[in-house]
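Visitor: One line per chain: the protein sequences are R and U, in this order.
Position 74 of the first sequence, counted from 1, bears residue number 74 in our numbering, the numbering being contiguous throughout.
Take any residue in the second sequence, note its place counting from 1, add 1000, and you have its number in our numbering.
Just so you know, these hints were derived from the structure itself, not from any lab.
Positions of the beta carbon are idealized from the N, C-alpha and C atoms, including for glycine.
Watch out, some of these pointers could steer you wrong.
Below are the DSS-like pairs computed for lysine-lysine, each with C-alpha atoms no more than 27 Å apart in a straight line [unchecked claim]:
#, chain 1, residue 1, chain 2, residue 2
1, U, Lys1328, R, Lys5
2, R, Lys105, U, Lys1064
3, U, Lys1240, U, Lys1204
4, U, Lys1331, R, Lys105
5, U, Lys1331, R, Lys8
6, U, Lys1377, R, Lys38
7, U, Lys1109, U, Lys1258
Just the calculated beta-carbon pair ranges, DEER-fashion [stated by the list, open to error]:
#, chain 1, residue 1, chain 2, residue 2, range
8, U, Ile1015, R, Phe88, 15 to 21 Å
9, R, Gln43, U, Asp1427, 18 to 24 Å
10, U, Leu1053, R, Arg181, 53 to 59 Å
11, R, Asn63, U, Thr1094, 37 to 43 Å
12, U, Asp1238, R, Lys105, 36 to 42 Å
13, R, Ile3, U, Thr1448, 39 to 45 Å
14, U, Leu1025, R, Phe88, 17 to 23 Å
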Amino acid sequence: MIIIKWIKESFWRHLVAWAVCFFALFPLYMIVLTSFKKTTSLQVNSFLPTGFSWANFNSLLNNPNIPYFRWMYNSVVIATIVSVVSVFIGAASAFAFSRLRFRGKKTGIQALLLIQMFPSVLALSAVYVIMDRVHTFAPAIGLGTQGGLILVYLGGAMGVNIWLLKGFVDSIPLELDEAARVDGASPMQIYWRIFLPLASPVLAVVTLLSFIGTFNEYILASLFLSDINSRTIAVGLQSFISGEFESNWGPFAAGSILTSVPIVVVFLSLQRYIISGLTAGSVKG
Amino acid sequence: MRILSGIKIAVIAKIILVSLALAILGLLMQSAFMNGDVQIGSFLAVAMVLIALIYFTKISIPMKFFLPGLLLLITFVVVPVVYTVSMAAYQYKTGNKLSKPEALAMLQKSDAFAQVPTEPRYDLKLGWCDGKYGDAKPVAGPICALVTDYTTDKYFLATADKFTVVPKNLVTFSKLGLPNGVTQTGAQPAWEEFYPDEYATYDKLLNATRFKYDKPGMFMKAEGYSVMAVYAARITYDSKADAFTDIKTGAIYKDNGKGNYANTKNAKDVMTPGWRAVVWFDNFVALFTDPSISQPLISVFIWTLVFATTTVITQFALGLLIAIVLQKKIKARWLYRSIIILPYAMPSIMSILIWGGMLNTDFGAVNNLISLIAGHKIHLNWLTDPTLARSAVLLVNLWLGFPYFYLISSGALQAIPAELTEAASIDGASGGQTFRRITLPLLMQMLTPLLISSFAFNFNNFNLIFLLTGGGPRDVLGGASAGATDILISYTYNIAFSKGTENFGLASAISILIFVVVAAISLYGIRRSKVLETFA
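The whole structure should be built from the sequences, with the hints applied where relevant.
Guide: Structural data, given as structure tokens:
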């Protein structure tokens, strides 16, 4: 009887969970399998591991033609600068939208929302033209430089980050800054002394989301950075399997794993905060 | 005694930071102006004035918070977007990329020549001009042509850079009455005809020589050894009428107002290159009236809707199913949960590329798995068959997105008060009834805004399509510009950036269309979630 009850209540749940886990894990398993093969090809003769080899990791890390660490370094530096600076700047705007009273606030928010809805991929060529012109008089931040890419990312991140941060900031209770205002604090003092310390966990989460978003960006980076040593990891790894290096699936698999593991670990450990960020303002009933 | 209070430190920090920003922008502005880029230079100047004004005066306190973000947003988002949008009113495509003066200069440089129909065709004798009659022949001087117009009985001597009229009395004639020599008199050189073998020897030189003619813009060229014809640039430009004339066909090309000089008798006959011209709504009209544009656009639009809708439904359905399954505290729930979040935690760019490899027909893991289950080799052309490619895109997107919906659904399920479902079951409702009548409606009410924003996101899910299928498979033989899996944004990207057939004006028009659709959907979503209510 207990078994029947167990089957009725729990067994099917395990069955479904197993099936979905299989679906979720299959590509990840394949990439692990491919990375530890001896060959660089995509072909799998058996779904069970037949041998074990570091060959692909070796060629990824020690081949002088594949600047993996350089790419990884580029990606981390670019994503870090973009996420930290854009959240720092975005937080000020979010604070103003959420806490200050001024004319045109509603219009401002609506304009911010609208401009985000333009398919940004299509503004690419305009960005390209602008940065090409900048390159002629300021070679350090023009087209083809990481500095220029960072600037463009910063601009692009503004809309999303302000919007996301505003959602968070709205959920921080007003009482504290009202108390401070009563005590005669200026908006600047409230921002630096009260708001920023209070919001720091929230800022950290948005920074992380922004970091992952920048890390994942492909099209701008591929347009901007043509020099092999200045590429980001996304563009670099993509070039493994799209001709330039012939189909180097083995090293690609190895590279994907090395790249993804840190991100996945951080994501899983902070998932509670991240999820609350993604759904901010909506799952409140 | 405290010399510096906290406020003073803050003020000093502010002054240093703002000055630093101004100094950097100032340097940039200076080099922009020095390089002649007035637009960017002025833009930077305005930015500097704004910064100084906002941070050193008390004009607007909110602006102190907004300015850095606002400047970045304007420079790298608003300006490019406005530029792109304005391009929709232009004829701006391959062949129409220059400004009008640039295009005009290129057209005038054209080196196509044609015979001038209004000039006579002359009789020709070839020979040498230097030396006196009967002298030893020069080794290789410029070829000198004795040109005769029998209709008017006029004689001329022409080299590449000299054209002289020869009085008839200086010309000597053979027994047959043909001219065979010119006597030297004063500045008038003597002329002596080629020996027969010299015609072949100097054939190449003759072909390369343009003989001078006495009318501007015209020159003569030998046709064979006995006819001299007058040539001029085939196309001549009249700056007063702003029109080109083709002297060969007589056709007149006038500015058609759409970025080209077009034949006044045949509008389709245009000169290239053209230029970027303002055509106002032509690009939009073409979207709906030109079948070669509107037909692929409609099919792409339908697929975009199908793709975005199906994606949201499948992701939500699977996510909700898992959320319900794992709602009960079963064994190893945390493990299931962690595994299911993995696809969401992976950098999506990696996942998409990995799936691309797994869907390979010959080597891919997906076909291998299906073959293993079926027991024999199965070759499914995941990325080259239109229907399979569409299914593949949906499958991969399901994998990428269902964990997100699992996470938000499980959050929403917890937010539904247990009393409601308990009350329903006390009233005798079955599990299914409770779910359909109580849980699902409440869930939908909470999640609709997120479903809508997910729809808007997938409507423009460029990375997935671009990196997985590239919009293909494309019917290259059928000449189709739209691939089977192309969604609006990837299709538009192709129109704007594909080498050789770029049409930026049209792409901008479509992007405005996309913008309107997405904005409408999102605004509807926002109204549902009532986000803006708090600011009213």
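Visitor: Each hint: holds or not?
Guide: Outcome of the hint check:
Restraint check: the Cα-Cα separation between Lys1328(U) and Lys5(R) comes to about 14 Å, which is no more than 27 Å; the hinted pair holds. In summary, the hint linking Lys105(R) to Lys1064(U) is supported, as the alpha carbons are separated by about 14 Å, within the 27 Å threshold. Between the alpha carbons of Lys1240(U) and Lys1204(U) the distance comes to roughly 40 Å, so the proposed pair goes past 27 Å and is violated. A hinted pair counts as satisfied when its Cα atoms are at most 27 Å apart, and Lys1331(U) with Lys105(R) does not qualify at roughly 51 Å.
Proximity of Lys1331(U) to Lys8(R) is assessed by CA-CA distance (about 15 Å); at most 27 Å being required, the pair is judged to hold. For a cut-off of 27 Å, the pair hint linking Lys1377(U) to Lys38(R) stands: about 24 Å separates their Cα positions. With a C-alpha separation of about 22 Å, the suggested pair Lys1109(U) and Lys1258(U) falls inside the 27 Å cut-off, and the hint holds. The beta-carbon spacing between Ile1015(U) and Phe88(R), approximately 19 Å, falls within the hinted interval of 15 to 21 Å.
For the hinted restraint 18 to 24 Å between Gln43(R) and Asp1427(U), the CB-CB distance of approximately 59 Å leaves it violated. For Leu1053(U) paired with Arg181(R), a C-beta distance near 25 Å fails the hint of 53 to 59 Å. One distance hint, 37 to 43 Å for the beta-carbon pair Asn63(R) and Thr1094(U), holds here, with the actual separation near 39 Å. A beta carbon spacing of about 59 Å between Asp1238(U) and Lys105(R) contradicts the range 36 to 42 Å that was offered as a hint.
Taken as a hint, the range 39 to 45 Å holds for the pair Ile3(R) and Thr1448(U), whose Cβ atoms sit roughly 41 Å apart. Distance hint check: the CB atoms of Leu1025(U) and Phe88(R) are about 19 Å apart, consistent with the given range 17 to 23 Å.
The structure fails to meet hints 3, 4, 9, 10, 12 from the earlier list, while all remaining hints are met.
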